[in-house]
Amino acid sequence: MSKTVVMDHPLIQHKIGIMRKKETSTRDFRALVSEVAMLIYYEASRNLPLKDKEIETPLVKTTIKEVAGKKLCVVPILRAGMHMADGILNITPNAKVGHIGLYRNEETLEPVEYFCKLPHDAADREIFVVDPMLATGGSSVAAIQLLKNRGIKRIRFLCLIAAPEGVKRLQEAHPDVDIYIGALDERLNENGYILPGLGDAGDRIYGTK
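Using this note's numbering, the letters of the sequence shown correspond one by one to residues 1 to 209.
Since the hints were derived computationally from the structure, they do not count as laboratory data.
Here a beta-carbon is modelled for each residue, glycine too, at the ideal position from N, C-alpha and C.
Just to be clear, a hint being listed does not mean it is correct.
[Stated by the list, open to error] Each computed SDA-like pair below joins lysine to any residue, with the alpha-carbon atoms no more than 25 Å apart:
1) 3 with 14
2) 153 with 78
3) 51 with 90
4) 21 with 148
5) 148 with 43
6) 153 with 18
7) 71 with 39
8) 153 with 185
9) 148 with 113
10) 15 with 123
11) 51 with 92
12) 15 with 206
13) 148 with 5
14) 53 with 68
15) 168 with 207
16) 153 with 176
17) 148 with 185
18) 15 with 90
19) 22 with 200
20) 117 with 202
21) 153 with 123
[Claimed, not checked] Label pairs and their calculated CB-CB ranges:
22) 190 with 94: 38 to 46 Å
23) 149 with 62: 38 to 46 Å
24) 123 with 2: 17 to 25 Å
25) 200 with 168: 19 to 27 Å
26) 60 with 200: 51 to 59 Å
Using the sequences and the accompanying hints, generate a full structural model.
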């Protein structure tokens, strides 16, 4: 049974609060995206499967735990998801990385695919799809469907900010996918942006507006 988790950790709440401020610089915003992603990922990876492995310490032989299987793959939705991936790779540097390119049609608010590149063994890995904003849910639903079309089953979705409308749409489209949310906001405005939100995450990360 899938689950939806809204983070209540004080550090996540504090850092997202700074991100919301319009005066937060591009440099600080980028750093906060990576930091909050790392904290959310810590929770999202809590139940990864483990296996025993015998090793030698400098003193004795012992049995340790390590992540089972082909391990991990982070899949950012371009372009804003890239800095979330950077934060995750800080603590799991051996994870593979895939990329999904989607942009939002500003008239229909629906996603349009322009790129998808995944590791050849992605279907054997635990997949973490990352995108800062879960607004209408169109991009996340489409990205996860692209993965499923390629035989990938173990998928989790991580975002910094979500609107109830997007959460509902993602839950209905992919009820088997766990969702991890930094902060659940009030609603979408008439243009499909999250309120109170933090603006356009991609523009704030890259300083393009």
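Q | Hint check against the structure, violated hint numbers in rising order | A | 4, 6, 8, 10, 15, 17
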